[in-house]
Amino acid sequence: MAHEGLFQELKVVVGEEYVVHAPEDLVVFEYDGSVDKALPLAVVLPATTEQVSGVVKIARSHGVPIVPRGAGTGLSGGAIAAKGGIVVALTRMTRILEIDPVNRLAVVEPGVVNLELSMATAKYGLFFAPDPSSQKACTIGGNVAENSGGPHCLAYGVTTNHVLGMEVVLADGSVAWVGGRTRETPGYDLRGILIGSEGTLAITTKAVVRLVKLPEAVKTLLAIYPRLNDASAAVSDIIASGIVPAAIEMMDDLAIQAAEAAVHAGYPADAGAVLLVEVDGLKESVEVESALVEEVCRRHNPMEIRTAEDAAQRERLWAGRKGALGALGRLAPNYYLIDGTIPRTKLVEVMARIKEISAEAGLPIANVLHAGDGNLHPCILFDERKPGDTERTLEIGGRILKLCVDVGGVLTGEHGIGVEKQEYMPFMFTEDDMASMARLKLAFATDDAFNPGKVFPKGASCVDISQMKAVARAGAGAFV
Amino acid sequence: MTTQISAYTVDGKTPHTVLRPSTTEDLRSMMAAASADKLAVVPWGGGTKMALGNPPERYDAALDLQGLGRIVSHNPADLTATVEAGITIAALQDALTKRGQFVALGAPLADRATVGGTLAVGTAGPLKWQYGSPRDVVIGMTVVQADGKATKSGGQVVKNVSGYDMARLHVGGLGTLGVIAQVSFKLTPLPAREATLLSGFASMPQAMAAALAVFHGGAVPLALTTFDDDAARRMAMPGSDAWRVAVEMGGRPLSLERQVKECEAALRAHGAARVDRLDAPDPKMSGLWRKLTDFGWDQPTRPTVSARVSLVPSKSSEFLEALEHVPGERAVVSHPAHGTVLVHWYGTADDAAAKALSTTREVAVRLGGSAVFERCPVALKASLDVWGDARDSLAVMRRMKEQYDPGRLLNPGRFVGGI
Ligand SMILES: Cc1cc2nc3c(=O)[nH]c(=O)nc-3n(C[C@H](O)[C@H](O)[C@H](O)COP(=O)(O)OP(=O)(O)OC[C@H]3O[C@@H](n4cnc5c(N)ncnc54)[C@H](O)[C@@H]3O)c2cc1C
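Going down the list, the sequences are from chains A and B.
Under the working numbering, the first residue of the first sequence carries the number 89, and numbering increases by one thereafter.
Under the working numbering, the first residue of the second sequence carries the number 49, and numbering increases by one thereafter.
These aren't lab readings, by the way, just hints derived from the structure by calculation.
Just so we're clear, the structure is a prediction, and the values are computed from it rather than from any experiment.
Mixed in with the good hints, there may be bad ones.
What the hints assert, rightly or not - With a cut-off of at most 16 Å between alpha-carbon atoms, the simulated EDC-like pairs for lysine to aspartate or glutamate come out as follows:
#1 A/490 <-> A/437
#2 A/371 <-> B/305
#3 A/371 <-> B/310
In isolation and in its complexed conformation, chain A is listed as follows:
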């Protein structure tokens, strides 16, 4: 075989069984070629920073691309081997190296699963705040690469606000620290540059993360509205009222119908929108703020309001919202999930436009939203077996993102550009803006070895809709 020499060298570094290259074995990583167009030469599973460094050096000496990969739950194609090469899966590096409750930080390897970190720190009354809906499966390394958010990032912030430093392997195989355990370190904020760089500049091999106090009180409120507009207006009013809830989530009629059929949350059949608001913090402020939130919600003529005081009740209120994505399969064989963000004051306008776009194109769109931070997830429902459906879906996806940008919003709130949205970058950025970004690759001297062919437009559409696999990898109970 052409690459036998490469495989042999890799095996010396990570061990025989941790270099996977037989096509039938690559299937385990779902690189089966049927959806993801590019097959990697091999998947390599290093166990230590030294091994990652060794693997990078070998790949570079053979001139093959390197694609870092965590759990593979990314929704923009970040872990696809777009230009072949080797996939470096960090899923064996799963140790929590240190929990320092006094200084409220933890040091972890990149393969640690998001939720497992918070579970490990709970006994100290602390947690890792970024909580992507895929948190039962996604890794801290993936979170860092995507600068992931989650339903509760409205109050807590996203990954970059919670990572103090990283150990990284650079494209020449050298190991460097960016940031550290302290809040300030000398020099440029390379930490902040690498977070959200989608695995194109360096491989994270350790992360120092901040831990946050678990809130002493949480109160959840669910308001059901006859019309989407009422719910959207309530969201804008809550934000404008000077309260920053921990989460404001929303879903529209189609998402409600799907969720209702799947999880029987007890939503009225004619509900136009469900709004979920969670307030947390000190119990005295939670009391007052949840009452204020309820008052604002009532002003917009809800059909019904439900509240939860304990964890079990809370789970019940969240069940419908969390079940929506999984339930979409009841409505159509395929869905395509969009991830734009808009200013929160534009919710009513944009949601109305999305309904129009859906009607014009004749494809239903179910909407789930992290409404509190203006992050929309319209899900276009289609059937890939129907001729033209896929093309139309992609076309609508582009139109929705253009709409988001036109009202002052952005292309992606949390899922990243990847290969999915690279051709849309010019909606937001000029040639000069993108040229300036691309210089980072030169500064990190990557020679475009890390995750090539992503983030920046190539001038040719290569969008493919492989999200359903990522969702499957996120496991039962994952939502968006």
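Add chain B with the ligand to chain A, keeping to what the hints say.
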């Protein structure tokens, strides 16, 4: 403007010209012209922190950005605002306060310090620390590059991962990779009420232990600062406690009262000799925090040399104990929740100052931290790097400079490693 050119002196070097753009477009064309003429340019905000940095290699033109002082947009219902870089922190906060909001960004001498300068320095002040560092409140930025091109990144929404997060290069980059022209911020509603507890302690370890207890307690302080009696005297505060702890808290009435109660109990349990309460809008409260923020930068408290030390919070006491034997007159202000310790020396001769600074850095590094010398006589700057050591990431940082400012026009030599 009537400002003399000598007012733009940096580390003894005076420029030939002062450029004063009043729009981003002006700034763009001035930078393009400066670039064509290969002029070394020092961007200038309020000029409050020009003492910071290694001496400039070359210095032809000061680029005074105070003419870029507009609020481009404030969208109160969306908790976002976009401003030009030359607006002062005070002017911005005043405008936001009118709508019950603030941006978690503070600076010494806030009525002179500009948004651009504050971000370029990038360090957090004592206030509102729980909302993060300056880098955490920026959601979008327009930068004018060394070649005069304007580029933007981010946006005006609070959640965004579209493209690389370029603003990170400029927050804390000391204007060495581009000139910050416009910034979009994420805003926060002002707390309904605020109160401060000021307490006195007989010793440093007691005060630091009390501060850590507050950090770990039930209250969620908005600011947590400890300072020694020397600092108190320089701020003309009454009393003679060896160390003091100031805690600011905020919230709705009931939650504020509970926080104050718990905080006071923690302070007393750690030996507070007295605990005084100040409530907003008492000018004494805002005055206390203004003095603490300005310490070391306003005229009466300006030291000969000073170090900004960054540690993990638990190491502050050990650090200060190790500094005890260093001779010289000094004052200390620290923000234990950040792990920041600010050490200031007064009236120190150069050789003693050099010794004090090098010991400070040695101890900080030994404890896993770092030290930036925020104020340092020019003569001493020749023999040290005021920033310390960026270690294994310095090579990447140097290449950043090569990429974004190949002609070394922006603040040449002033950043870490002589970047
Ligand atoms: C059901 C579902 C719900 C989701 N909900 C959310 C949500 O609420 N918020 C959100 O932000 N995202 C969400 N996502 C997207 C995804 O889960 C996140 O982007 C997650 O952080 C990816 O982690 P991962 O370990 O699966 O990374 P992967 O998918 O394996 O990789 C993602 C990217 O990171 C790079 N990468 C991975 N590890 C490293 C490393 N160690 N060093 C360098 N680069 C690396 C890869 O090259 C790739 O570009 C959701 C996805 C699904 C399927």
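| query | Is residue 490 of chain A close enough to residue 437 of chain A, meaning Cα to Cα at most 16 Å? | reply | holds (14 Å)
| Does the alpha-carbon distance linking residue 371 of chain A and residue 310 of chain B stay inside the 16 Å limit? | holds (14 Å)
| Agreement of residue 371 of chain A and residue 305 of chain B with the hint, judged by alpha carbon distance not exceeding 16 Å | holds (12 Å)
When held up to the earlier numbered hints, the structure conflicts with none and fits them all.
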